[in-house]
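Trainee: Below, each chain spelled out in residue letters.
Protein chains: 2
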Amino acid sequence: MKKTKRSTVKRAPKRGHYDSETVHKILDQNHICHVGIVYNGAPLVIPTLYGRSGNQLFIHGASVSRLMTELEQEIELSISVAKTKGLVLARSAFHHSLNYESVVLFGKGKSITDTEEKRDALKSVSDHLIPGRWEEVRQPTTKELKATKIIAIPLEEVTAKIRTGGPVDDKSDYKLDVWAGELPLIEHYGSPIPDENFDSKSKNLPQSVLSLLDS
Amino acid sequence: MKKTKRSTVKRAPKRGHYDSETVHKILDQNHICHVGIVYNGAPLVIPTLYGRSGNQLFIHGASVSRLMTELEQEIELSISVAKTKGLVLARSAFHHSLNYESVVLFGKGKSITDTEEKRDALKSVSDHLIPGRWEEVRQPTTKELKATKIIAIPLEEVTAKIRTGGPVDDKSDYKLDVWAGELPLIEHYGSPIPDENFDSKSKNLPQSVLSLLDS
Numbered sequence: 001m002k003k004t005k006r007s008t009v010k011r012a013p014k015r016g017h018y019d020s021e022t023v024h025k026i027l028d029q030n031h032i033c034h035v036g037i038v039y040n041g042a043p044l045v046i047p048t049l050y051g052r053s054g055n056q057l058f059i060h061g062a063s064v065s066r067l068m069t070e071l072e073q074e075i076e077l078s079i080s081v082a083k084t085k086g087l088v089l090a091r092s093a094f095h096h097s098l099n100y101e102s103v104v105l106f107g108k109g110k111s112i113t114d115t116e117e118k119r120d121a122l123k124s125v126s127d128h129l130i131p132g133r134w135e136e137v138r139q140p141t142t143k144e145l146k147a148t149k150i151i152a153i154p155l156e157e158v159t160a161k162i163r164t165g166g167p168v169d170d171k172s173d174y175k176l177d178v179w180a181g182e183l184p185l186i187e188h189y190g191s192p193i194p195d196e197n198f199d200s201k202s203k204n205l206p207q208s209v210l211s212l213l214d215s
Numbered sequence: 001m002k003k004t005k006r007s008t009v010k011r012a013p014k015r016g017h018y019d020s021e022t023v024h025k026i027l028d029q030n031h032i033c034h035v036g037i038v039y040n041g042a043p044l045v046i047p048t049l050y051g052r053s054g055n056q057l058f059i060h061g062a063s064v065s066r067l068m069t070e071l072e073q074e075i076e077l078s079i080s081v082a083k084t085k086g087l088v089l090a091r092s093a094f095h096h097s098l099n100y101e102s103v104v105l106f107g108k109g110k111s112i113t114d115t116e117e118k119r120d121a122l123k124s125v126s127d128h129l130i131p132g133r134w135e136e137v138r139q140p141t142t143k144e145l146k147a148t149k150i151i152a153i154p155l156e157e158v159t160a161k162i163r164t165g166g167p168v169d170d171k172s173d174y175k176l177d178v179w180a181g182e183l184p185l186i187e188h189y190g191s192p193i194p195d196e197n198f199d200s201k202s203k204n205l206p207q208s209v210l211s212l213l214d215s
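The listed protein sequences correspond, in order, to chains U and Y. Residues in the first sequence are numbered consecutively from 1, following this note's numbering. Residues in the second sequence are numbered consecutively from 1, following this note's numbering.
Read the hints as simulated data drawn from the structure, not as lab findings. The reader is advised that the hints may include incorrect statements.
Which copy? The list can't say, so a pair holds if one copy fits it or any two copies do.
Claimed, not checked - For lysine-lysine, the following BS3-like pairs were computed, each having C-alpha atoms within a straight-line distance of at most 25 Å:
#, residue 1, residue 2
1, K25, K83
2, K10, K110
3, K83, K123
4, K85, K25
5, K10, K143
6, K108, K14
Owing to the predicted nature of the structure, the values given are computational and were not obtained by experimental measurement.
Next up, chain U with everything else stripped away, as it sits in the complex:
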């Protein structure tokens, strides 16, 4: 990754990571990224789905959408992804914190126009959310591909930030009779809810869902 002035962590520099492995791992565990652009001279941040393949991030949207129409002009963007991993309870209000994993990136997107590249990028988004699902479902038609814009963003100027562990209190506070520690926040998938309109012969859960529930 390219470490630039704006992508270098200044506060708590030990939390900063600039290797692909860490960046990819964090990106692969989240669903929503927050895309920031300058729109009519003011900042605009929009949450949206994404996918990743190698060192590229893909976002997609309706061809007519404001965000897609702006991004295909290869304007500067910044993207943030973050997940809370736990609450950090200290003995003082001041030293409370959050355990988290985040990625912030800078760059410019590029519209993917080639039909086969588009299909591959959409498969990345699908695989990102539900590995194996792509092969189970009806593939996109030419019309559907036309209705979708895809922007590829290189993962070059990227910073990952991670905080783990318990609180770091002031020395003089350790004697206080206050419980301190971490409260992990955990995500899990609940029971699948079949579509009411489901009327196929097989009501068995597909392999993609079984794998997600196992993971």
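Position chain Y against the provided structure of chain U, taking the given hints into account.
Mentor: Chain Y in isolation, oriented as in the chain U frame:
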């Protein structure tokens, strides 16, 4: 809430909500917001903690931090908060979706400089993360308050977006032998991990943590 051109949902307008109750509910269920500003002419999106009190959002940070130093100049900002509530599995790749709850806001922040107002705003951030915790811990000192900047952002130009429910497939796809439905994504707190440096007499969990585990 003030509905403006840029804060009005154009795609899937039925998902847009502009009432305080919905906006507050979504904000109160998340920890991290993504703050976008224009910095050196380019967009910059930074994830950070926040709190809310009434119709104000508070973010805080070290007095020397880049984001805080920019925001106290009352520049334009945009903030995005989003949570994945579940995956939506359709019969076609195209109609896959995400159930989510998001808030996007526009506005300008204002630095809080009055010591008592600062204390109240920090309490809002603390209450937002762990209700009741503020009263259990050592209060901020004057020095700690000085080391912290707090920006208040009015919740005026705000949009909430919510997607719920199962997939909406093309009519002709309902006959396909493909499982379709929702896979809810659920968050819960894990077992509290006491700080290794904990040596107080009482090792009982505090009321704030018990309440979070109950909620």
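Trainee: Each of the hints needs a verdict: does it hold here or not?
Mentor: For each hint, the structure was consulted:
no. : hint       : result
1   : K25 / K83  : both (12 Å within a copy, 19 Å between copies)
2   : K10 / K110 : between (30 Å within a copy, 23 Å between copies)
3   : K83 / K123 : both (24 Å within a copy, 23 Å between copies)
4   : K85 / K25  : both (14 Å within a copy, 21 Å between copies)
5   : K10 / K143 : between (47 Å within a copy, 21 Å between copies)
6   : K108 / K14 : neither (27 Å within a copy, 31 Å between copies)
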